[in-house]
Amino acid sequence: MVPLSYYLVLGGILFACGVAGFLIKRNIITIFMSIELMLNGVNLSFVAFAAHWHQLAGQVFVFFVMVVAAAEAAVGLAIIIAVYRTRETLNVDQVNLLKL
Amino acid sequence: MSLHLILFLAFGAVCVAGAINLLAQTHPINSALSLIAVMAALAGEYLLLGAEFVAAVQVIVYAGAIMVLFVFTIMLLNAGEEERTKGSRVAILFGVPGMLIGSTLLAWVVLRHSGTEAVPIGALPGDPKIIGQLLFHEFLLPFEITSVLILIAIMGAVVLASKPEAVQKKKEH
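Line by line, the protein sequences are chains L and Y.
Under our numbering, think of the first position of the first sequence as 1, with each following residue one higher.
Under our numbering, think of the first position of the second sequence as 1, with each following residue one higher.
If you're looking for bench data, these hints aren't it; they were derived computationally from the structure.
Fair warning: there could be bad hints in the mix.
[Said to hold, decoys possible] Ranges of calculated distance between the beta carbons of each label pair, as one might list FRET restraints: (1) Y:Phe143 - L:Glu88: 28 to 34 Å; (2) Y:Ser88 - L:Thr86: 26 to 32 Å; (3) L:Val42 - Y:Val159: 25 to 31 Å; (4) L:Ile24 - Y:Pro142: 30 to 36 Å.
[Unchecked claim] Computed far set for chain L versus chain Y, every beta-carbon distance over 10 Å: (5) Ile24; (6) Asn96; (7) Leu97; (8) Leu98; (9) Lys99.
Idealized CB from N, CA, C, for every residue including glycine.
Working from the sequences, and respecting the hints, build out all of it.
This is the structure in structure tokens:
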């Protein structure tokens with residue numbers, strides 16, 4: 001038997017790692033992966049609350065989060081490819097202009 | 001210590017270790033592989049919570065499809081080691097203690113004030129049938145809107161990733 005709070009703390013740790021990666025990392029792909037890590041932490045909280053309150057709607061929300069994550073990954077990676085084509089770099093410090 | 005708690009701690013340890021490894025590695029492919037480990041361990045956590053269908057979708061969609069897309073992009077762009085930049089001294093001076101205090105406070109409050117009743121195994125059947133009924137009755141409109149979102153995302157990805165005409169013309173000449 002595991003209390004709800006343990007799941008929440010684990011989700012919080014994952015989210016915090018995602019935030020730290022988003023701020024620390026310099027590679028644009030790794031920054032993107034940190035965002036996925038944050039979404040995963042939120043998903044864990046959703047499922048834990050769904051189990052705690054006996055509401056299956058929480059699990060349905062997880063599907064919506066996954067759909068949005070998939071759409072975001074597809075568009076975001078396409079943008080990364082477009083950026084790499086014009087800048088020839090993946091370092092976010094060198095991508096500091098919106099124009100070409 | 002029950003088996004449930006032992007399994008929770010084991011999967012949770014894999015999750016946290018993978019997340020920290022994602023931060024520590026400098027090569028993006030290593031980060032991607034540790035993220036896959038985090039997602040697989042999270043699927044185990046979902047199984048402990050009785051959400052079988054979510055666990056299956058987590059492995060298939062997240063650890064499968066999305067991470068393949070990431071690994072594919074890393075290989076396509078031939079991403080190498082990232083260059084480290086020195087952070088500002090203020091960030092280290094105030095950021096690290098602030099983060100430690102904030103996270104300890106948050107964990108303390110959550111552990112202290114949330115309900116201590118445990119979540120029993122199988123208390124909530126994450127049956128695909130019930131989830132499907134919920135998805136197609138109560139959440140029908142959001143479901144349709146997300147399908148439109150997916151369609152827009154597909155078109156956006158194709159438009160963004162396709163080569164601009166100027167580059168193509170240059171290649172032809």
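Now for the hints, and whether the structure bears them out:
1. Y:Phe143 - L:Glu88: 28 to 34 Å: violated, 41 Å
2. Y:Ser88 - L:Thr86: 26 to 32 Å: Holds, at about 29 Å.
3. L:Val42 - Y:Val159: 25 to 31 Å: 29 Å Cβ-Cβ, so the 25 to 31 Å window holds.
4. L:Ile24 - Y:Pro142: 30 to 36 Å: The hinted range 30 to 36 Å holds for L:Ile24 and Y:Pro142, with Cβ atoms some 35 Å apart.
5. Ile24: Non-interface label on L:Ile24 violated, nearest chain Y Cβ at 7 Å vs cutoff 10 Å.
6. Asn96: holds, 13 Å
7. Leu97: holds, 17 Å
8. Leu98: Holds, because the least Cβ-Cβ distance between L:Leu98 and chain Y comes to about 15 Å, which exceeds 10 Å.
9. Lys99: L:Lys99 is indeed farther than 10 Å from all Cβ atoms of chain Y, at 14 Å.
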